[in-house]
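Enquirer: So the sequences go chain by chain: A, B and C. Numbering-wise (this note's numbering), the first sequence opens with residue 1 and increments by one. Numbering-wise (this note's numbering), the second sequence opens with residue 1 and increments by one. Numbering-wise (this note's numbering), the third sequence opens with residue 1 and increments by one.
Only true hints are included.
Only pairs whose alpha carbons sit at most 30 Å apart, straight line, appear in this in silico DSSO-like list of lysine-lysine:
1) Lys329(C) x Lys329(A)
2) Lys284(A) x Lys329(B)
3) Lys202(A) x Lys284(A)
4) Lys85(A) x Lys202(C)
5) Lys202(A) x Lys85(B)
6) Lys284(C) x Lys202(C)
7) Lys329(B) x Lys329(C)
8) Lys284(B) x Lys329(C)
9) Lys329(A) x Lys329(B)
10) Lys329(A) x Lys284(C)
11) Lys284(B) x Lys85(C)
12) Lys284(B) x Lys202(B)
13) Lys284(C) x Lys85(A)
14) Lys202(B) x Lys85(C)
15) Lys284(A) x Lys85(B)
No lab work stands behind these hints: they were computed from the structure.
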Amino acid sequence: MRFSTLLTHLGEVSDATPRDPAGDPELSGAAALDRAGAGQLAFLESGNALAQALAATAAAAVLIPLDDELQRQASERGLAWVALKDPRLAFAEALDLLHPRPVLPPGVHPTAVVDPHARIGEGVYLGAHVVVGAGSVLGDGCVLHPGVVIYDDVELGEGCEVHANAVLHPGSRLGRRCVVHSNAVIGSEGFGFVPTANGWRKMPQTGLVVLEDEVEVGCGSTIDRPSVGETRIGAGSKIDNLVHIGHGVVTGRGCALAAQVGIAGGAVLGDGVILAGQVGVANKAVIGDRAIASSKSGIHGEVAAGEVVSGYPAIPNRLWLRCSAAFNKLPEMARTLRRLSSDGS
Amino acid sequence: MRFSTLLTHLGEVSDATPRDPAGDPELSGAAALDRAGAGQLAFLESGNALAQALAATAAAAVLIPLDDELQRQASERGLAWVALKDPRLAFAEALDLLHPRPVLPPGVHPTAVVDPHARIGEGVYLGAHVVVGAGSVLGDGCVLHPGVVIYDDVELGEGCEVHANAVLHPGSRLGRRCVVHSNAVIGSEGFGFVPTANGWRKMPQTGLVVLEDEVEVGCGSTIDRPSVGETRIGAGSKIDNLVHIGHGVVTGRGCALAAQVGIAGGAVLGDGVILAGQVGVANKAVIGDRAIASSKSGIHGEVAAGEVVSGYPAIPNRLWLRCSAAFNKLPEMARTLRRLSSDGS
Amino acid sequence: MRFSTLLTHLGEVSDATPRDPAGDPELSGAAALDRAGAGQLAFLESGNALAQALAATAAAAVLIPLDDELQRQASERGLAWVALKDPRLAFAEALDLLHPRPVLPPGVHPTAVVDPHARIGEGVYLGAHVVVGAGSVLGDGCVLHPGVVIYDDVELGEGCEVHANAVLHPGSRLGRRCVVHSNAVIGSEGFGFVPTANGWRKMPQTGLVVLEDEVEVGCGSTIDRPSVGETRIGAGSKIDNLVHIGHGVVTGRGCALAAQVGIAGGAVLGDGVILAGQVGVANKAVIGDRAIASSKSGIHGEVAAGEVVSGYPAIPNRLWLRCSAAFNKLPEMARTLRRLSSDGS
Numbered sequence: 001m002r003f004s005t006l007l008t009h010l011g012e013v014s015d016a017t018p019r020d021p022a023g024d025p026e027l028s029g030a031a032a033l034d035r036a037g038a039g040q041l042a043f044l045e046s047g048n049a050l051a052q053a054l055a056a057t058a059a060a061a062v063l064i065p066l067d068d069e070l071q072r073q074a075s076e077r078g079l080a081w082v083a084l085k086d087p088r089l090a091f092a093e094a095l096d097l098l099h100p101r102p103v104l105p106p107g108v109h110p111t112a113v114v115d116p117h118a119r120i121g122e123g124v125y126l127g128a129h130v131v132v133g134a135g136s137v138l139g140d141g142c143v144l145h146p147g148v149v150i151y152d153d154v155e156l157g158e159g160c161e162v163h164a165n166a167v168l169h170p171g172s173r174l175g176r177r178c179v180v181h182s183n184a185v186i187g188s189e190g191f192g193f194v195p196t197a198n199g200w201r202k203m204p205q206t207g208l209v210v211l212e213d214e215v216e217v218g219c220g221s222t223i224d225r226p227s228v229g230e231t232r233i234g235a236g237s238k239i240d241n242l243v244h245i246g247h248g249v250v251t252g253r254g255c256a257l258a259a260q261v262g263i264a265g266g267a268v269l270g271d272g273v274i275l276a277g278q279v280g281v282a283n284k285a286v287i288g289d290r291a292i293a294s295s296k297s298g299i300h301g302e303v304a305a306g307e308v309v310s311g312y313p314a315i316p317n318r319l320w321l322r323c324s325a326a327f328n329k330l331p332e333m334a335r336t337l338r339r340l341s342s343d344g345s
Numbered sequence: 001m002r003f004s005t006l007l008t009h010l011g012e013v014s015d016a017t018p019r020d021p022a023g024d025p026e027l028s029g030a031a032a033l034d035r036a037g038a039g040q041l042a043f044l045e046s047g048n049a050l051a052q053a054l055a056a057t058a059a060a061a062v063l064i065p066l067d068d069e070l071q072r073q074a075s076e077r078g079l080a081w082v083a084l085k086d087p088r089l090a091f092a093e094a095l096d097l098l099h100p101r102p103v104l105p106p107g108v109h110p111t112a113v114v115d116p117h118a119r120i121g122e123g124v125y126l127g128a129h130v131v132v133g134a135g136s137v138l139g140d141g142c143v144l145h146p147g148v149v150i151y152d153d154v155e156l157g158e159g160c161e162v163h164a165n166a167v168l169h170p171g172s173r174l175g176r177r178c179v180v181h182s183n184a185v186i187g188s189e190g191f192g193f194v195p196t197a198n199g200w201r202k203m204p205q206t207g208l209v210v211l212e213d214e215v216e217v218g219c220g221s222t223i224d225r226p227s228v229g230e231t232r233i234g235a236g237s238k239i240d241n242l243v244h245i246g247h248g249v250v251t252g253r254g255c256a257l258a259a260q261v262g263i264a265g266g267a268v269l270g271d272g273v274i275l276a277g278q279v280g281v282a283n284k285a286v287i288g289d290r291a292i293a294s295s296k297s298g299i300h301g302e303v304a305a306g307e308v309v310s311g312y313p314a315i316p317n318r319l320w321l322r323c324s325a326a327f328n329k330l331p332e333m334a335r336t337l338r339r340l341s342s343d344g345s
Numbered sequence: 001m002r003f004s005t006l007l008t009h010l011g012e013v014s015d016a017t018p019r020d021p022a023g024d025p026e027l028s029g030a031a032a033l034d035r036a037g038a039g040q041l042a043f044l045e046s047g048n049a050l051a052q053a054l055a056a057t058a059a060a061a062v063l064i065p066l067d068d069e070l071q072r073q074a075s076e077r078g079l080a081w082v083a084l085k086d087p088r089l090a091f092a093e094a095l096d097l098l099h100p101r102p103v104l105p106p107g108v109h110p111t112a113v114v115d116p117h118a119r120i121g122e123g124v125y126l127g128a129h130v131v132v133g134a135g136s137v138l139g140d141g142c143v144l145h146p147g148v149v150i151y152d153d154v155e156l157g158e159g160c161e162v163h164a165n166a167v168l169h170p171g172s173r174l175g176r177r178c179v180v181h182s183n184a185v186i187g188s189e190g191f192g193f194v195p196t197a198n199g200w201r202k203m204p205q206t207g208l209v210v211l212e213d214e215v216e217v218g219c220g221s222t223i224d225r226p227s228v229g230e231t232r233i234g235a236g237s238k239i240d241n242l243v244h245i246g247h248g249v250v251t252g253r254g255c256a257l258a259a260q261v262g263i264a265g266g267a268v269l270g271d272g273v274i275l276a277g278q279v280g281v282a283n284k285a286v287i288g289d290r291a292i293a294s295s296k297s298g299i300h301g302e303v304a305a306g307e308v309v310s311g312y313p314a315i316p317n318r319l320w321l322r323c324s325a326a327f328n329k330l331p332e333m334a335r336t337l338r339r340l341s342s343d344g345s
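Just chain A, same shape as in the assembly (with noise of 0.2 Å):
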């Protein structure tokens, strides 16, 4: 694809956008600007630490932010280049043109096993070994790759993606063009147990899972069911590999957890939250919307919304930055405080 044709499909190109009006190289692939080759798109966001790059980039083309020195900068070097406002989102669309996903044509594999009182919308698609068990609805051009098992009970919206060997629970409920990675578990039984003299008494888990439209769930994470009432994923949400989220959690809309992160049961979390890789978070906190927790931080009671924290237990990121670099220096802070007592005695 002709690098002139690429930009008028993208989104993010305007008449208003500066760009390099000579070259118009054929476009083969993508790569990032360091090791983009020749007939290859790469991208550069500013404050990008690739900026250097720029200079020795053999790339045929790249997408660069408003900023006239970048700009001066590519056309010295004789690259195809266009300003943007989004440089990244631009090349995610770039990327979808380039490299367009394979589409799968609708039909059912001879070896799925689709019970008779499921319901199969139009245009789907089911691979080898999938299994719909009874009362399950899948709506229009879902695709089920080979090996997914679908229980009794189960509603799928129109477009929902959901890859190989995963498994959805009796009462989960997906909106549209969710996306299930493979391996992961929507709906299981929440952990609930009852104290008794004999034991451990499970406490039968009776509620539903609602995914809504577009939520994303990573490869091997767990979803469960509550005892009563719903586990809920807010619209547009993204979850990475290897999460955990509790029996009766309930997100907003956009949130983003990163890979291993734990919610634990009862938890709420509002509109865009960002947990980053490892968080966890304790049964029944509170999280405010566009609240940030970075790495491995843990968080109970509650986080006002936009709050930045970190730690454990969470605390404000700027008092956490601070306490940090003093807990590196207590070795020599208790020896300080040695001599001051002796002196003082």
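Guided by the hints, dock chains B and C onto chain A, whose structure is given.
Expert: Leaving out everything else, chains B and C in the frame of chain A:
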């Protein structure tokens, strides 16, 4: 089901239990106190933050603790109620009555692949695409959901349930009524490698994994077998999702391990140990009976029976609480120290 | 197998190796020193806490280090023994001799679904319900256990073993003799989203995952492919269970990553790096050759070659040990400080 009928089936209820003599609504289900609607049962614990919700609940009937004030309040509200020593336990029993689990009819799905040298008990259910290897033994009444893979030489006691796409490796020995949730892996090779001049050399893992009676293993959790000897999980222990248990670990009876706990090879846990979410236990650590570790703590060495520990490295919880509070004041302490130090010099 | 016969097969044994000239029991298996019974082989390392168990072991034969005192002790006990430089390595070899792994006969199970455009090498074993997609290539002697799903465009070198229900996504490239354990996922989409006014927009993940020769990936672990370029795991690296490796991560040769480690996108590890359980590595961190991180540490920025780090944020292990010790005295330090402060005022 009538409330009065339900009560006759609750093990918790005796004639001595005070109850509302009049109210006997027809119940259609159950819900949390603050979400319950017409025809629904709810429960209330003493000290429960939901106590105030009793005033506002729309539930038809409630299970409440032995508390005169709450009984009076429930009567005033015109709710059907019964007072019990353990309303949570009674609620668990009630859920089983109101939402009985579907019973799968025994039988082997035509797509299941069972080795002729496997032994299958009476009344076993094998779902679609289940695989059972040579020499494996399934006790009476076992239920294997679709996609489960049982390698050769695995033994399941009577009444075990294995959820979709879980995998049991050679040498796995499950007691009676164990539950293995979706995508869990039992009996996989322990992570044992010997450093050599040519890199890591695998230590063969020839041991067994033993799950005693009524052990439950969460979705995606992994329990490894050791090079020699066994990994053993004590009877009635409950393991949440995404937990890792290394080779040669031995736990006592009735332990509860929350999500994302990791236990390294050779660690030993007593009876009734509770590890909260994301706790890590090091190689060969020893944890006494009924010890508790709060979330994210990291345990090396020994923890005495009954102790409650926190932090990393884990220390007694009360000490940790005070240390953590002081941690947040470190910058202030450092400042004071600098001032005193310069005063003194 | 006779002890003497076993010894002729151990690479570790030379004529110069001292051994007991008389004892030559028939061996039926192996066990830990303190658990071994009649007919069993055990081993002993110098400095091993089990050394005292030599006096009490019921083993028939032992592999011991080059230590005169231990040799004398073994002879006195009447044990058959051999002394070697690396008894652990010899024990690994002995286990392979005493418990040889069953070899699966080549063949394709009738329920396996292999795309006509896949290429299958000589002597390959495909278990029940295996799926192999179009354009995928399996080298000679590969073993795929039941339920494995290989998407389109995946390549496995000769002698790879993939355990039950693992999933390999498009663009996965495995070298020779790699092992992928049950329910692991290789080549899944990296967690890349671009924030927009309308929420998170997926960054297409068009890159590859490369596992070089003899890489081993544990149960339930996930290794993501990047938007462009590749995620690469160096030859001979061993990865434990439930590890997450983000898009674009590159590791050197011979790394060892323990259970529940998480490595965020773009991090770079040198050769021989060892990360203990639950370690987290941030975005684009750089870790030098043979560096070691103790369990639960969190690494940002850079770690120099050969360094041992601990804590979060990770600092040199020796400093961290002193800081952690001081942390436990924080309440006391705070008290002393208050006293001095009031004295001084």
